[in-house]
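Number of protein chains: 2
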Amino acid sequence: MFESAEIGHAIDKDTYDAEVPALREALLEVQYELQQQKRFPVIVLINGIEGAGKGETVKLLNEWMDPRLIEVRTFDQQTDEELARPPAWRYWRQLPAKGRMGIFFGNWYSQMLQGRVHGQIKDARLDQAIAGAERLEKMLCDEGALIFKFWFHLSKKQMKARLKSLADDPLHSWRISPLDWQQSETYDKFVHFGERVLRRTSRDYAPWHVIEGVDSNYRGLTVGKLLLEGMQNALKLPKGKASGMNPAPLIASVDKKSLLDSLDLTQRLEKDDYEEQLITEQARFSGLMRDKRMRKHALVTVFEGNDAAGKGGAIRRVAAALDPRQYHIVPIAAPSEDERAQPYLWRFWQKIPARGMFTVFDRSWYGRVLVERIEGFCTPTDWMRAYGEINDFEEQLRDAGVIVVKFWLAIDKATQLERFQAREEIPFKRFKITEDDWRNRDKWDDYRAAVGDMVDRTSTEIAPWTLVEANDKRWARVKVLRTINQALEEAFEKSDKHDKKVKKGKKK
Amino acid sequence: MFESAEIGHAIDKDTYDAEVPALREALLEVQYELQQQKRFPVIVLINGIEGAGKGETVKLLNEWMDPRLIEVRTFDQQTDEELARPPAWRYWRQLPAKGRMGIFFGNWYSQMLQGRVHGQIKDARLDQAIAGAERLEKMLCDEGALIFKFWFHLSKKQMKARLKSLADDPLHSWRISPLDWQQSETYDKFVHFGERVLRRTSRDYAPWHVIEGVDSNYRGLTVGKLLLEGMQNALKLPKGKASGMNPAPLIASVDKKSLLDSLDLTQRLEKDDYEEQLITEQARFSGLMRDKRMRKHALVTVFEGNDAAGKGGAIRRVAAALDPRQYHIVPIAAPSEDERAQPYLWRFWQKIPARGMFTVFDRSWYGRVLVERIEGFCTPTDWMRAYGEINDFEEQLRDAGVIVVKFWLAIDKATQLERFQAREEIPFKRFKITEDDWRNRDKWDDYRAAVGDMVDRTSTEIAPWTLVEANDKRWARVKVLRTINQALEEAFEKSDKHDKKVKKGKKK
Chain P
1 MFESAEIGHA IDKDTYDAEV PALREALLEV QYELQQQKRF PVIVLINGIE GAGKGETVKL
61 LNEWMDPRLI EVRTFDQQTD EELARPPAWR YWRQLPAKGR MGIFFGNWYS QMLQGRVHGQ
121 IKDARLDQAI AGAERLEKML CDEGALIFKF WFHLSKKQMK ARLKSLADDP LHSWRISPLD
181 WQQSETYDKF VHFGERVLRR TSRDYAPWHV IEGVDSNYRG LTVGKLLLEG MQNALKLPKG
241 KASGMNPAPL IASVDKKSLL DSLDLTQRLE KDDYEEQLIT EQARFSGLMR DKRMRKHALV
301 TVFEGNDAAG KGGAIRRVAA ALDPRQYHIV PIAAPSEDER AQPYLWRFWQ KIPARGMFTV
361 FDRSWYGRVL VERIEGFCTP TDWMRAYGEI NDFEEQLRDA GVIVVKFWLA IDKATQLERF
421 QAREEIPFKR FKITEDDWRN RDKWDDYRAA VGDMVDRTST EIAPWTLVEA NDKRWARVKV
481 LRTINQALEE AFEKSDKHDK KVKKGKKK
Chain S
1 MFESAEIGHA IDKDTYDAEV PALREALLEV QYELQQQKRF PVIVLINGIE GAGKGETVKL
61 LNEWMDPRLI EVRTFDQQTD EELARPPAWR YWRQLPAKGR MGIFFGNWYS QMLQGRVHGQ
121 IKDARLDQAI AGAERLEKML CDEGALIFKF WFHLSKKQMK ARLKSLADDP LHSWRISPLD
181 WQQSETYDKF VHFGERVLRR TSRDYAPWHV IEGVDSNYRG LTVGKLLLEG MQNALKLPKG
241 KASGMNPAPL IASVDKKSLL DSLDLTQRLE KDDYEEQLIT EQARFSGLMR DKRMRKHALV
301 TVFEGNDAAG KGGAIRRVAA ALDPRQYHIV PIAAPSEDER AQPYLWRFWQ KIPARGMFTV
361 FDRSWYGRVL VERIEGFCTP TDWMRAYGEI NDFEEQLRDA GVIVVKFWLA IDKATQLERF
421 QAREEIPFKR FKITEDDWRN RDKWDDYRAA VGDMVDRTST EIAPWTLVEA NDKRWARVKV
481 LRTINQALEE AFEKSDKHDK KVKKGKKK
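Residue numbers (full-length UniProt numbering), protein chains in the order written: chain P, 1 to 508; chain S, 1 to 508.
Certain hints may be false.
[Said to hold, decoys possible] Simulated restraints on C-beta separations:
#1 P:Glu82 - S:Ala334: 23 to 33 Å
#2 S:Glu435 - P:Pro335: 41 to 51 Å
#3 S:Pro335 - P:Glu375: 52 to 62 Å
#4 S:Gln77 - P:Gln77: 44 to 54 Å
#5 S:Arg93 - P:Glu337: 17 to 27 Å
#6 P:Glu63 - S:Ser336: 50 to 60 Å
#7 S:Ala161 - P:His118: 49 to 59 Å
#8 S:Gln111 - P:Pro324: 47 to 57 Å
#9 S:Ile462 - P:Glu82: 16 to 26 Å
#10 P:Lys271 - S:Gln77: 20 to 30 Å
#11 S:Ile462 - P:Asp499: 16 to 26 Å
#12 P:Glu337 - S:Ala334: 44 to 54 Å
#13 S:Ala161 - P:Pro238: 47 to 57 Å
#14 P:Ser184 - S:Asp323: 23 to 33 Å
[Stated by the list, open to error] Derived coverage of chain P by chain S (criterion: at least 3 residues anywhere in the stretch with Cβ under 8 Å from a Cβ of chain S; other residues may be distant):
#15 315-327
#16 346-354
#17 367-377
These are computed hints drawn from the structure, not numbers from a lab.
The C-beta atom is built at its ideal place from N, Cα and C for all residues, glycine as well.
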């Protein structure tokens, strides 16, 4: 969920200086339009990692836009008046009116996260707070509000560097943050519970946007553009339809950089190394699947990737390690008539393995946010809500002991062309290449953006994505097997720890 | 929430026999229309009290409709296959396809209620289960499903009689229910937690319908008509709009009987009794408001009622007992421009009293589901979701120690006419009667239905409605004060118990 916000997004000064004037003008224009129409209020929630530029960005927005139409609210210590009333009162009294923008620092999310990180509440209470936030935001949206939720992120390393530089700077040292942020344990907890909160509360009507906070140009432009497009879209909606319509869009990365760029596609394995490693990993896999701890788990692997990236070959190498009675390969194509008569997750639920078993999905439920999004087979509202629905689905699998391992097999455009041409030339491979494949290739950039959004919104601690460098098929196959093995081992270790706890009677 | 389902609803045989043929024909017609259009699946959830006719009603539906298009599913003990997979799998594999109806017994609600009643889970876990159910149903509705949720209810007395008659009947004694239902403690818990579940999960896209289960004619006709109107409405929606549109309507009570009928409007107080009782209750109120335990609480009273029912007079008698610095009377009229620029609950949030204080709302947030509903000032979706939003709001008040006491002052139509005429004749009262009052009077029956729905959906353990017989003003005023005093005493007793628990270190 935070992977894309740790890759060093940056915008150079020239680009920034060139883009800002038009953006400012457009923001002011949309702000006045909103003020005149008075159709809805805009609520901006600011959350995230200490030192990630939350305050600076809000300051910037106030410079860029007309500050008379913006109310910046900080919710820190409760006042006496607030303490004498229900907790939500402080938010209600500060809500911006229709036509205005309210920027909320230290909002309901900060409160629940602080409470959980410092152990004042446990998971069940956190979930109650999350459900309360969902209800509040749903109601606000149903009443017409346009909500933006920004999470400013830094990697742990970035955060430490940032806090140090602030402390060293005499002009900023007064801003030194609470001591606990100096501890990496606090960071880890904050990110861990932050992910849980974002996963649960990123809904189509009020999605989260995770923003890398290292480079001030990048984060300023990104926030500015998201606000601009979201407000423009909402103002375009027919009257009385300002709500529940997902007017806050996903925009392309403003520096054109994506997680996929961080892959080193030149990685490869020599034949000898490959054969040795493949056999080693297959044997390890076979052993793990026969481990008695597997009886408490099931395994689901998801294979997505560019056309001709080698999904089929990788799946065969995985399957080769096992007794065919233990696994089931489910190829996913366009849904059948029966499947179209059901909710889109239905056909995948039907194939969930029983404990001890293994299902390979060759393409998967992610079709909703890939091909269906790109081809327009469903509405933007549909695929926007799908991210949350998929996270819910995978959380249910995880809670039941299912280990979910997800692969995106990535190749570059040139490699794809080579493989397409080879397929057309080899008679027994010709069935593998169709008109559709060429059409998809024309939409390379759309897929690239959709994959980025998919990973940003569904790569979670409970079911992370693994991006596989697949220009070299050998490298890809070994990486796939090794990743599955690591996931199984980790799950087994967790079970062991859990069992020990239970034995000691320490189970919560 | 269950009050209206304990008043002895019944339909006599002649009426029933006269109505059923047309209903059956219409149900079959809508069923075939649905089958042909294949636009959405219908999911019917059956829950409620043991012996309230759940099974019989489903049997009846199968007789009335074409059973080939209905799938009745019971979710009792989990099978081996189900136990080996995530809990929701059993529901997913049984979902009806578009064009079909699935009737779910023993669904997700039964599971969470059983767990909570028998103490296997606590409140926080129940809330997690509730949030899970909300997510599932929201997703199903977003995917087009039409969901009906029926809660079959019996009062405790009715249930005991019913269980006894079943046990005595040799043809039915095999159906004798689990032992625990014989215990009144189980009933109490089931109703207590059932209310929590209904309150939280009755949402505009999938509202609950509480149905009194004593009379088989009544419950059959009610369920049949709800299904019929809901399906007809949904089929009328433009294509692709089957969801999130509240197509399941609230229908008028099929036996025309409402909770308001159960009031004995002839109740009255003689002048001497009145003066004595009024002074006693005022003194008691004054004392309670000065009690030091009041520092942990605040008091909110809501006055709604027919025009000329005597709200103003009752409020004056309440206020007369107090120092004016301790209370604040908030008259609610049409919203101002500033108020219209905010969510509809906003103006009430602004007036929430601090601890130790008291706010009287002369009309209230219930305007949304009364005048706004009847005059069409908001859409049906808006006022349908308002019930849930109001329950959330009042729960937040209660959680913060606010005691919420809600009155509906009821008079009959003749009394209203007398008072209107009197007001027109007395010069200093003439300002109290307007064109609007006469217009509202023409909508007497609409208000009656709206009041019924309001009480059914918002009278909760945390903030119950009190219906006040107000033909006699003296009776009404004393009842109002006495009810407030009882509510304060109950709240203080609960605080005392809680404090003792905390002292003993037993606090959960």
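Cross-check of the supplied hints:
Checking the proposed 23 to 33 Å range against Glu82 of chain P and Ala334 of chain S shows it holds: the Cβ atoms sit about 29 Å from each other. The given range of 41 to 51 Å is broken by Glu435 of chain S and Pro335 of chain P, whose C-beta atoms sit roughly 59 Å from each other. Distance hint for Pro335 of chain S and Glu375 of chain P: a CB-CB separation of about 45 Å, inconsistent with the stated range 52 to 62 Å. Between Gln77 of chain S and Gln77 of chain P the beta carbon distance is about 53 Å. The supplied range of 44 to 54 Å therefore holds.
Checked against the hint of 17 to 27 Å, the C-beta distance between Arg93 of chain S and Glu337 of chain P comes to roughly 18 Å, which is consistent with it. Range check, Glu63 of chain P to Ser336 of chain S: Cβ separation about 33 Å, and the 50 to 60 Å hint is violated. Distance hint check: the CB atoms of Ala161 of chain S and His118 of chain P are about 54 Å apart, consistent with the given range 49 to 59 Å. Our hint of 47 to 57 Å for Gln111 of chain S and Pro324 of chain P is violated, since their Cβ atoms are close to 36 Å apart.
Ile462 of chain S and Glu82 of chain P have their C-beta atoms about 22 Å apart, which keeps the hinted 16 to 26 Å range intact. Taken as a hint, the range 20 to 30 Å is violated for the pair Lys271 of chain P and Gln77 of chain S, whose Cβ atoms sit roughly 55 Å apart. Taking the beta carbon of each, Ile462 of chain S and Asp499 of chain P are about 41 Å apart, not inside 16 to 26 Å as hinted. Separation of Glu337 of chain P from Ala334 of chain S is about 53 Å and conforms to the stated range, judged on CB atoms against 44 to 54 Å.
Range check, Ala161 of chain S to Pro238 of chain P: Cβ separation about 56 Å, and the 47 to 57 Å hint holds. For the pair Ser184 of chain P and Asp323 of chain S, the beta carbons lie near 56 Å from each other, so the given range of 23 to 33 Å is not met. Given a C-beta distance limit of less than 8 Å, the hint that chain S covers the region 315-327 of chain P is violated, as 0 residues qualify and 3 are needed. Remark: the region 346-354 of chain P is confirmed as covered by chain S, as 6 of its residues place a Cβ nearer than 8 Å to a Cβ of that chain, reaching the required three.
Given a C-beta distance limit of less than 8 Å, the hint that chain S covers the region 367-377 of chain P is violated, as 0 residues qualify and 3 are needed.
Hint violations for this structure: numbers 2, 3, 6, 8, 10, 11, 14, 15, 17, all remaining hints satisfied.
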